[in-house]
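There are 2 protein chains.
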Amino acid sequence: MPELRKEPISERWVVIATERGNRPSDFKFPAVSEEAGLGGANCPFCGGNEGKTPPEITAWRTPGTAPNTPGWDVRIVNNLFPALTKEGDINRTGKGVFDMMSGVGAHEVIIETPQHTLNIPDMPEEHIEKILWAYKQRIVELGKDTRFRYVLVFKNYGKVAGASLTHPHSQLIATPITPRYVKMELKNSREYYLEKERCIFCDIIRQELGSGERIVFENEFFVAIAPFASRFPFETWILPRRHEYGFQVMPDEERFLLARCLKDVLSRLKTCLNDPPYNMVLHTSPNPIARPGKPDYWGTLQYDFHWHIELIPRLTKMAGFEWGSGLYINPVAPEKAAKFLRETKV
Amino acid sequence: MPELRKEPISERWVVIATERGNRPSDFKFPAVSEEAGLGGANCPFCGGNEGKTPPEITAWRTPGTAPNTPGWDVRIVNNLFPALTKEGDINRTGKGVFDMMSGVGAHEVIIETPQHTLNIPDMPEEHIEKILWAYKQRIVELGKDTRFRYVLVFKNYGKVAGASLTHPHSQLIATPITPRYVKMELKNSREYYLEKERCIFCDIIRQELGSGERIVFENEFFVAIAPFASRFPFETWILPRRHEYGFQVMPDEERFLLARCLKDVLSRLKTCLNDPPYNMVLHTSPNPIARPGKPDYWGTLQYDFHWHIELIPRLTKMAGFEWGSGLYINPVAPEKAAKFLRETKV
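For the protein sequence lines, the chains are A and B, in the order given.
The numbers in numbering that gives the first Met the number 0 rise by one with no breaks, and the one at position 170 of the first sequence is 169.
The numbers in numbering that gives the first Met the number 0 rise by one with no breaks, and the one at position 135 of the second sequence is 134.
Derived from the structure by calculation, the hints contain no laboratory data.
Watch out, some of these pointers could steer you wrong.
Intra- or inter-copy, both count: the list cannot distinguish identical chains.
Straight-line distance between alpha carbons at most 27 Å, and here's what the computed DSS-like set of lysine-lysine pairs gives [as the list claims (entries may be wrong)]: (1) Lys316 / Lys338; (2) Lys143 / Lys27; (3) Lys51 / Lys195; (4) Lys94 / Lys5; (5) Lys85 / Lys262; (6) Lys182 / Lys94; (7) Lys27 / Lys182; (8) Lys94 / Lys338; (9) Lys158 / Lys195; (10) Lys158 / Lys186; (11) Lys5 / Lys143; (12) Lys5 / Lys338; (13) Lys262 / Lys195; (14) Lys129 / Lys85; (15) Lys344 / Lys143; (16) Lys85 / Lys316; (17) Lys94 / Lys129; (18) Lys135 / Lys195; (19) Lys262 / Lys129; (20) Lys338 / Lys195; (21) Lys51 / Lys344; (22) Lys27 / Lys94; (23) Lys158 / Lys27; (24) Lys135 / Lys338; (25) Lys338 / Lys129; (26) Lys5 / Lys85; (27) Lys262 / Lys51.
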C-alpha cells in the first residue's frame, strides 16, 4: 500500500508509492553530457571569451592576471537576462487587495570553470572548494545590501532542469523578500526550537544516522540523506552534521569536506542514473540586516536554522495533481533510492 | 523594471518581468492535437472498448443501456495505476520526528467522451455540462467517505502536462488530508473573512471587474481572469461571480453557464497559443465530515471559501530558482496575457 509521509521541516505531505518496483534504469533520459557540444568560440563562458559576458564581479584568479582576461578558475558575472535588476528602490505599494514592489535584486552567474565540459564529478576537490568559496563571497557581499533579504544560490543542470547554456555554471538571485519555501523552513524550525530547545534538522540527522537506511554518504562534518518524505525520486540533501545556521559562516577548513561530499553525491547520481538533469539549491539563513531601523522577524540571521543543500534529479513531470494540491507523488521510496546510491561504485 | 506581486489568497510572491515583450508566438510547442493518434482498438477510453478499463463507477448514459457497454456520454472508472488505494484504514503513526499514514484514497478517471479526438473547445456546451455533472457526482459521493478530507479534480492535457493517454479525460484524487495549497487558500480566506467580514475572492472579483484589464471572459454567473500575480504565462482562473463556497453546491441551472465559460476560455487558449499543453485544477471546499466525532478545522465545509478553476498552460519550465524559493518568474504580464486572450477570435 502507498504511504503518506510528512516532511517535518516544511510540513509538506508526500505520497510514497512504495510498492512500485522502480529501479534507476526505469528513468530514461539522454545523458546531459550529450547536450554539451564543444564550447569554444561560441560559448560566452569558455576561457578566452571573457569579453562576451557582462564585466566580472569577482573571480578566483592566478595572482597577477587582470579581470576579464584568462587566468581565472571560477568567475562571477551578472546574468545577461536578469530576472531582477540591481538599481533602484524597493517602492512597496498596494492597490486595493493587491500588494507589489519593484523587482529590485541581483541575478548573477557563477562560471564554475573555464573548461566547457568539466563538471563537478570530474573536478579535483580543490577546484570545487573554489566554487563554494565563490558562493560564500557573494552571499556575504550581497547580504550587506540592505534592500536584499535573501540570496538564493542554485544550479540548473541540463535542459530539462532549465539550463539554457551547457557550460558548467551555477546562479544566484538576491531578493527583496525572503522566499516562501525558505520562510516555511525558518518558521517551523523556529517553532520547533522554541518548543523543544533543539534544532529540528539536528534531530532528523540524529535519527537518520541511527537508522542508516536513508544515508547516501557521510564524512566527519557532512551527511547526505534521501529525505524521509522525498518529493522526487532520488532527491538527496546534504547537511552539516553539527548545528550550523548559515553556509556563509561555515569555517574555511570545513569547505574541503563539503567539496568532497558534493563530488561524491553528484558522482553517485551521475553513475546511478546515467548523468541525469538536476536542480541544486542552497538553503541558508537570511541576510543579517533587513531594513535599517526596522528589524524583521524572518529577514534576519536565524541561529535555530540549519543550512543545507537540496539536490533534485528531474526524472518525473509535475502534473495537474501536484500543481493543484502541493502534494507530491514519488514512485521511488527514499530507502530504496539511498540503497541504490550507496551501492553505486564511484 | 520587473515587478514583484503578491497573490493575496495564497500569499505567494511572483516576479512579473513586465518589460519583456513576450507574445503568444514566442512559446513554441507542437500542438497537443498532433499527439492524439487515431484511437480505436488500442485506446481503452474509446467507445466500444469499455471492457479494457476497470469497471464503470458511474456514467451519463442513454436510458436502457447497461454499464460497461456503449451508450455513454461521460464515464467514470478507477485509475488502472492508482496513486492511492481505496481499501484500508488510515493508520496515522509516527516514528521519532516523522509522521505518516497509509496511502488510502481514491484515484478515478473521468472519460469525457467516447470520441478519441473531441476536446472541450469542440464539444457542444450540453456535453461539457455532463462532464461537470460527473465531477459533482463524484465529489459528493466520495465526500461521504469519512476517511477522505478532500476530492481534487484535475486534468492533464498533453504529454508535457503529464498526460499519459491522449483520449480526452480528467481525473480526481480523494485524499485523507486536505492538500497543502488548498489549506493555504482556506486559511487565508478564513482570516480575511474574520477580519473584514468579506470574502477575499469576492473582493478580488469586484476589483478586477472594475478595472477590466485582466478580464478574459465574463457572463452572468462566471468570470475568467488572468490573476494579478499569475505564476505562469497565460494562467487563467474561472470563478463564480457571486459568493459560492463549493463547486458541489452550485445550482444545476448555473452549470450551463460554466460550461459556456470553460468552452470559451479553453478555445481562446487553444487558438491564441496553438493548442498548448495545460493543467486544470478545481479548488473547492473540503468534504463536509472530517472524522466522526472529531471535527477538524480545515477538514470541513468552509462557507468563507470561494471555489474556482485554475488553468495553467505549460509553456515554461520550472528550474532551480522556483524549486528552491517558491517564487515564480513569469515573463508575461497578466494584463498583456488577458488582452491577447480577449482579442482572440473564437
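Hints and how they fare:
no., hint, verdict
1, Lys316 / Lys338, "within (23 Å within a copy, 30 Å between copies)"
2, Lys143 / Lys27, "neither (44 Å within a copy, 41 Å between copies)"
3, Lys51 / Lys195, "neither (53 Å within a copy, 55 Å between copies)"
4, Lys94 / Lys5, "between (37 Å within a copy, 11 Å between copies)"
5, Lys85 / Lys262, "neither (33 Å within a copy, 43 Å between copies)"
6, Lys182 / Lys94, "both (25 Å within a copy, 26 Å between copies)"
7, Lys27 / Lys182, "neither (35 Å within a copy, 35 Å between copies)"
8, Lys94 / Lys338, "between (53 Å within a copy, 20 Å between copies)"
9, Lys158 / Lys195, "neither (43 Å within a copy, 46 Å between copies)"
10, Lys158 / Lys186, "neither (33 Å within a copy, 37 Å between copies)"
11, Lys5 / Lys143, "between (36 Å within a copy, 25 Å between copies)"
12, Lys5 / Lys338, "within (21 Å within a copy, 42 Å between copies)"
13, Lys262 / Lys195, "neither (35 Å within a copy, 54 Å between copies)"
14, Lys129 / Lys85, "within (25 Å within a copy, 53 Å between copies)"
15, Lys344 / Lys143, "neither (43 Å within a copy, 52 Å between copies)"
16, Lys85 / Lys316, "between (33 Å within a copy, 24 Å between copies)"
17, Lys94 / Lys129, "neither (46 Å within a copy, 40 Å between copies)"
18, Lys135 / Lys195, "neither (31 Å within a copy, 45 Å between copies)"
19, Lys262 / Lys129, "within (13 Å within a copy, 55 Å between copies)"
20, Lys338 / Lys195, "neither (32 Å within a copy, 53 Å between copies)"
21, Lys51 / Lys344, "neither (39 Å within a copy, 44 Å between copies)"
22, Lys27 / Lys94, "neither (48 Å within a copy, 34 Å between copies)"
23, Lys158 / Lys27, "both (15 Å within a copy, 15 Å between copies)"
24, Lys135 / Lys338, "neither (32 Å within a copy, 44 Å between copies)"
25, Lys338 / Lys129, "neither (31 Å within a copy, 48 Å between copies)"
26, Lys5 / Lys85, "between (38 Å within a copy, 20 Å between copies)"
27, Lys262 / Lys51, "neither (29 Å within a copy, 48 Å between copies)"
Comparing the model with each earlier hint shows violations of hints 2, 3, 5, 7, 9, 10, 13, 15, 17, 18, 20, 21, 22, 24, 25, 27; every other hint is respected.
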